[in-house]
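Participant: Residues per chain, in single letters:
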Amino acid sequence: NAGVTQTPKFQVLKTGQSMTLQCAQDMNHNSMYWYRQDPGMGLRLIYYSASEGTTDKGEVPNGYNVSRLNKREFSLRLESAAPSQTSVYFCASRGQNIQYFGAGTRLSVL
Amino acid sequence: GENVEQHPSTLSVQEGDSAVIKCTYSDSASNYFPWYKQELGKRPQLIIDIRSNVGEKKDQRIAVTLNKTAKHFSLHITETQPEDSAVYFCAASLSWGKLQFGAGTQVVVTP
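First to last, the sequence lines map onto chains G and C. According to the numbering used here, the first sequence is numbered sequentially starting from 1. According to the numbering used here, the second sequence is numbered sequentially starting from 1.
So that you can see chain C by itself, here it is in the shape it has in the complex:
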């Protein structure tokens, strides 16, 4: 089955700096890669996603890149703000929309 690895597990950045989270996946048939943000005690919420026919997607301060050959994808957050502090999960989609999640990255933005 699919296996998704996510790094780093924790990331501390100064406000205004950029944050990058990287994920690798094992199943070359995976074709959809969402990123979820989860604040403490809350539900995961989709922040951005990318499909396998696209190499990069941007939405304001966040962007995702996908390298299908290397089977890895990354989340980039620019100009980080304290409200970006949360746990971020990458995922890869299997059949029937099943998602295999990475273990998560705790991002801490310090003022």
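Isolated chain G, as found in the complex:
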């Protein structure tokens, strides 16, 4: 039982490049979330998926898109990366009100 798995762990992009962050959970949870974490700002919700087939915007969705591929997988895509998107990204899934986080992806955009 791996919990929530994120790939990659680290990534460096140039401005304007695109990439997809992958997230998968094996706890059979319906709800999944993407957060970004910046120094001094806590975690901010980018997008969430209440159940398979649904997605919705969070607090800071601009510049991102998501796909809930199936119940296990929820991916986050940056179409044209900007330096302001340099951050640590966490995926989470929720079971019985508790959110379980992945190990994070540290992204730098140069």
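Hints were generated in silico from the structure; no laboratory data involved. Keep in mind that this is a model prediction, so the values were computed, not measured. You can take every hint at face value.
Residues from chain G that face chain C, not an exhaustive set, calculated with beta carbons under 8 Å:
#	residue
1	S31
2	G40
3	M41
4	G42
5	L43
6	Y48
7	G58
8	R94
9	N97
10	I98
11	Q99
12	F101
13	G102
14	A103
15	G104
Quick look at which bits of chain C chain G covers, simulated, 3 or more residues with Cβ under 8 Å:
#	segment
16	35-47
17	102-111
List of simulated lysine-lysine pairs, DSS-like, C-alpha gap at most 25 Å:
#	chain 1	residue 1	chain 2	residue 2
18	G	K71	G	K57
19	C	K71	C	K37
20	G	K57	G	K9
21	G	K9	G	K71
22	G	K9	C	K37
23	C	K42	G	K9
Virtual Cβ for every residue (Gly too), placed ideally from N, Cα, C.
For this one, chain G is given, so just place chain C on it according to the hints.
Facilitator: Showing chain C alone in chain G's frame:
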């Protein structure tokens, strides 16, 4: 939307002393309040949570209190140990389980 404020931003305590972190929230409809601990370079992990129908909850050396009228909740750590050093985040739950996090408190426990 919901807004969560957390104080202090840093907290230094001597080993064995108590630590208290306070949070306020704005949306009276929020009904679930978790606390997460994040060690350097690691993922946030739930340490304790409380629901709006409960005023206090305790788990060994940690406790959380909730005042719904004043819209604030607090984390109490007693008999602090060096392994309690970490960043602690409070959060309030919105609809669909969405969490609004506070900005975090860096706790440093000195031996």
